[in-house]
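J.: Sequence:
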Amino acid sequence: MVGRAARLEGEASPHMITRRRRKLLGVLLHTLVGSITVISVMALVCIVVVMVTKGGAMLTWEFLSQPSRAFGAEGGIRSQIAGTLILAMGAGLLSLPIALGTALYQSEYLTPQLKSVAMRFVYALNGVPTILFGLFGYLVFGLYLGFGISWVSGALILAMMILPTLVVSIREAIDAIPHQYREAGLALGMSTAQLIRAVIVPQSVHGIITGLLLGLVRATGETAAIVFTATTFSGVDFPRSLDEPVTTLQTHILLLSQEAVHPSATDAVWGAALMLMILVLCFSMGALMVRSRFRVEV
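Quick note: the sequence shown uses my numbering, first residue 1, plus one each step.
The reader is advised that the hints may include incorrect statements.
Beta-carbon label-pair distances, calculated as ranges [as the list claims (entries may be wrong)]: (1) Lys54 <-> Leu28: 31 to 41 Å; (2) Thr60 <-> Glu172: 33 to 43 Å; (3) Leu143 <-> Gly189: 47 to 57 Å.
These are calculated hints, taken from the structure and not from any lab test.
Here the structure is a predicted model, which means the values were calculated and not measured.
Each residue gets a CB set at the ideal place from its N, CA and C atoms; glycine is no exception.
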């Protein structure tokens with residue numbers, strides 16, 4: 001009996017050691033992931049605190065509603081806010097129908113192999129450096145098509161940049177639609193076009209809105225591409241034609257942070273940076289609210 005017990009103990013020991021190793025590995029992994037999460041959250045909190053501390057006092061009605069003066073060192077940021085929103089909204093309106101059509105065609109008409117190839121091109125477009133987008137936009141939209149340095153050139157190039165974000169978001173929403181919906185539509189004798197109009201698009205509205213808001217987040221934060229195509233640093237207010245440039249919060253911050261040494265200009269930089277962060281957070285929170293509301297309803 002003693003020998004049998006010893007053999008059983010010897011056989012169990014490796015399993016116990018393996019279990020302990022797995023438990024230790026789980027604890028280490030949990031600690032690592034938790035630490036990374038805490039660091040990420042703290043970094044965001046620090047950025048927000050610094051922005052609010054430095055720029056909070058500048059966000060007055062006068063600062064938000066007046067045009068800038070003295071090359072941005074004085075006055076407000078009315079023109080910069082308007083230019084940023086014009087470019088972002090223009091890019092969203094231009095890219096949305098293209099992204100929706102691309103996602104629907106990939107989902108409903110292409111074979112699985114061609115879907116994979118198409119999505120690789122979408123991801124490749126998303127990985128192109130922004131400086132190359134800016135150079136392409138300047139050469140094609142600005143010079144070849146004759147738009148020059150204008151808000152239209154900027155909106156067109158930003159539409160190209162945010163297109164992958166919209167396509168991926170809409171594709172995810174379409175792929176999440178239960179197959180029973182498609183089967184029910186086909187059982188009723190619907191064609192593919194009728195199925196798209198009556199079932200696919202209504203059921204993927206949340207993905208369309210989420211993708212649009214995430215695209216606006218990226219368009220609002222882009223700088224390199226619009227420096228080449230759309231913006232001037234000062235001297236403009238609202239564009240009155242298609243070939244006029246705009247001034248934006250991004251380029252306003254870039255210019256003043258590099259050139260200005262006067263305290264009032266430094267305060268204007270922090271105020272513009274805080275306003276830009278507020279715009280980005282508003283679009284981001286809107287996307288999260290739309291997605292979370294859909295999940296709750298489902």
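J.: Could you run down the list of hints and mark each one as holding or not?
T.: Hints, one by one, checked against the model:
1. Lys54 <-> Leu28: 31 to 41 Å: Since the Cβ atoms of Lys54 and Leu28 sit about 39 Å apart, the hinted range of 31 to 41 Å holds.
2. Thr60 <-> Glu172: 33 to 43 Å: Given range 33 to 43 Å: holds, Cβ gap about 41 Å.
3. Leu143 <-> Gly189: 47 to 57 Å: holds (52 Å)
Figure legend: structure checked against the earlier numbered hints; every hint is met.
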